[in-house]
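> In case you want the letters, here they are:
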Amino acid sequence: MEDLLLHRLRRLNHAIALLTGILLLGCAAIVLIDIVLRQIGSSFGGTDEISGYVMAIATSWGMAFTLLELGHVRIDILRGRSGPRGRAFFDLFAMLVLTGTVSLIAYKCWPVLERSLANSSRANTPLETPLAWVQAPWFAGWIWFAVMAWLTFIAAALMIAKGRFDRAEEAIGCFGEEDLVK
Amino acid sequence: MIWAISAGLLGLLAMSIPVGIVLFLLGFGVDAFFSAFPLIRGLGNLVWSTSNNATLIAIPFFVLLGEILVRSGIAARTYAALDRWVSWLPGGLVHANVATATMFSATSGSSVATAATVATVAMPQAEKLGYDPRLFSGAIAAGGTLGIMIPPSINLIVYGFLTQTSIPQLFLAGLIPGIALALGFMAITVVICLMRPELGGTRRTFALAEMLRALIHLIPIVLLFAIIIGTIYKGWATPTEAAAVGVAGAVLIAAAFGGVSISMFAQSILGTVKIMSMIMLVVIGASFLNFTLASAGLGRELQGLLDGLGLTPMGLIFVVVLIYIVLGFFIETLSLMVVTIPIIVPLVVAQGFDPIWFGILMIVLIEMALITPPVGLNLYVVQGARKTGKMSEVMVGAIPYVIAMLIMVALLIAFPAIALYLPSVLSEV
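Those sequence lines, one after another, are chains A and B. For the first sequence, the positions run 1 to 182 when our numbering is used. For the second sequence, the positions run 1001 to 1429 when our numbering is used.
Simulated from the structure, these hints should not be mistaken for lab results. Any given hint could turn out to be false.
[To be verified] Partial list, computed: chain A residues near chain B (C-beta under 7 Å):
hint : residue
1    : ALA28
2    : VAL31
3    : ILE35
4    : SER43
5    : GLY46
6    : ASP48
7    : GLY52
8    : MET55
9    : THR66
10   : GLU69
11   : GLY71
12   : HIS72
13   : VAL97
14   : CYS109
15   : VAL112
Note that this is a predicted model, so its numbers are computed, not measured. Cβ coordinates follow ideal geometry from the N, Cα and C atoms, glycine included.
One chain only, chain A, in its complex shape:
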């Protein structure tokens, strides 16, 4: 069951990461068009603002993918010297701390969106973007990260409880498969 859960989470976040990348490509295209427009004497006047929003949203939605690909850097000094059980302990502990911290971050992000919603705030910029429009997807990304972290933690905890240390290490260990192969 936990294998299926992890497999599904990976596939889901794989798709989300592709969408995130496409969002970034779209942003690159906008920047390019703006550079060309400036050379012929006009401009959107809002590329920096759009880039900022894209960066905030892409960052929050990319986090869970990186988590599942074991991309968030960890220092392997003590852990690397432990046996399978020790490593499982380090991994699960680190995962729990991450999950708790990310949940707190997501919780603390809500007031930012709440205020923008309550005041119908608009950005103090030429585009006058309603902030809630861009903060809502940004906030959703952090919630997504927290939820994914909890589910991954549960799946890994089940694996460790069943003594399946190898599989747990694949799920929440220190290096991604790709790093090991390369």
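With chain A held as given, fit chain B onto it using these hints.
Leaving out everything else, chain B in the frame of chain A:
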């Protein structure tokens, strides 16, 4: 507070908690124990304002650019071309490793990407031509570190962002030290191979016609570098926007030289999102820690500590260099930079040192951290690409290049102009 933070930092990192999360935890700690008013209320706003930032979007763009170059096979052709040009030197192909790394540094913002690129294309040649695996792989690991010195550089963008220093100026400042380091690596290779010719494999010369024909394969990289740096210094684009131009350039070049496919693009995109999120978690954590440290009065405490120590400015730089060398053994590069910037840069700048100069000095020290065991990311990347032999061989092979970096550190301290000359003559930018 400084001691509590430092101990907490090392302890939490040793627990193998993700670096970005450690920075948040330290921020919570500062808030709970050293701050008069609750700082955590600002957390949400801080996460928003740090990531809603047009400068930082250069990070995914530069990562993507590098991914495209590697995955489209341009890297392999560049290596073959440089081989034609430098393999007559004592040390042969080892110089091609350094030269290819240097060229890729000029289009890639990351050291690991550069090392991985060169290692993938170079390793198959090493055995075939009878090179000493230690020197050969050490040169790749060291050459790869140039990625963060020669512009564009993701680490310099992060440094500029966290210290409010001009990124174009930092890029200019990194150019001469970067090229000097590359030449230093090659010089030290020549010296070693003159003393121990058996390490250097076969020296090969190629006909002039063949050398000239090879030049065509260098065009993509030179062109891309010219496009990126040109648009910045012509004033057409900010460094961030130039990164977007670079992505477009890389796509066009990859298309022109073949090797574009949907799956290659998908892999490039996935790699980019993964690296971007990793970097951003660390950057957001660092800016939260920065904010709590500043609010809790770190500046005053540091000044007090420094007055108590009675260090001269030079003494301070010496201590700082030592700290980086020691920490560099254990902590991965970007993390090392990001966790130390809030504490060390204010100290150094308060003593009257130029933040741009210090940024470059820090980059050399961080490059060293990349190739010093036990935690030297580039060593692992190169070893990963080798697939055979012992990890320790790469570590031994990197030692001569660590010495070259130490010499560079001394030169930068003695002659700050190495870094500051270009920014000063081109300061109207």
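> Now, for every hint given, state plainly whether the structure supports it.
Comparing the hints with the structure gives:
1. Given the 7 Å rule on beta carbons, the hint for ALA28 (chain A) holds: about 4 Å separates it from the nearest Cβ of chain B.
2. With its C-beta approaching chain B no nearer than about 4 Å, VAL31 (chain A) sits inside the 7 Å limit, and its interface hint holds.
3. For ILE35 (chain A), the shortest C-beta to C-beta distance to chain B is roughly 5 Å, which falls under 7 Å, so the interface hint holds.
4. Given the 7 Å rule on beta carbons, the hint for SER43 (chain A) is violated: about 12 Å separates it from the nearest Cβ of chain B.
5. Contact between GLY46 (chain A) and chain B, as hinted, is not supported at the beta carbon level, the nearest pair being about 10 Å apart and thus beyond 7 Å.
6. Of the supplied interface hints, the one on ASP48 (chain A) holds, with its beta-carbon coming within about 4 Å of a beta-carbon of chain B, less than 7 Å.
7. Interface hint at GLY52 (chain A): satisfied, since its Cβ lies 4 Å from the closest Cβ of chain B, which is below the 7 Å cut-off.
8. Taking 7 Å as the C-beta cut-off, the interface hint given for MET55 (chain A) holds, the closest approach to chain B being about 4 Å.
9. At about 4 Å, the closest approach between the beta carbon of THR66 (chain A) and any beta carbon in chain B falls short of 7 Å, and the interface hint on this residue holds.
10. Because the beta carbon of GLU69 (chain A) sits about 5 Å from the nearest beta carbon in chain B, less than 7 Å, this interface hint is met.
11. Evaluation of the GLY71 (chain A) hint against chain B yields a held restraint, the C-beta minimum of about 4 Å falling below 7 Å.
12. With its C-beta approaching chain B no nearer than about 4 Å, HIS72 (chain A) sits inside the 7 Å limit, and its interface hint holds.
13. Among the interface hints, the one on VAL97 (chain A) holds; its C-beta lies about 5 Å from the nearest C-beta in chain B, closer than the 7 Å criterion.
14. A hinted interface residue such as CYS109 (chain A) counts as satisfied when its beta carbon comes closer than 7 Å to some beta carbon of chain B; here the least separation is about 4 Å, so the hint holds.
15. At its closest, the beta carbon of VAL112 (chain A) sits 4 Å from a beta carbon of chain B; the interface hint therefore holds under the 7 Å criterion.
Hints 4 and 5 from the earlier list are contradicted by this structure; the remaining hints agree with it.
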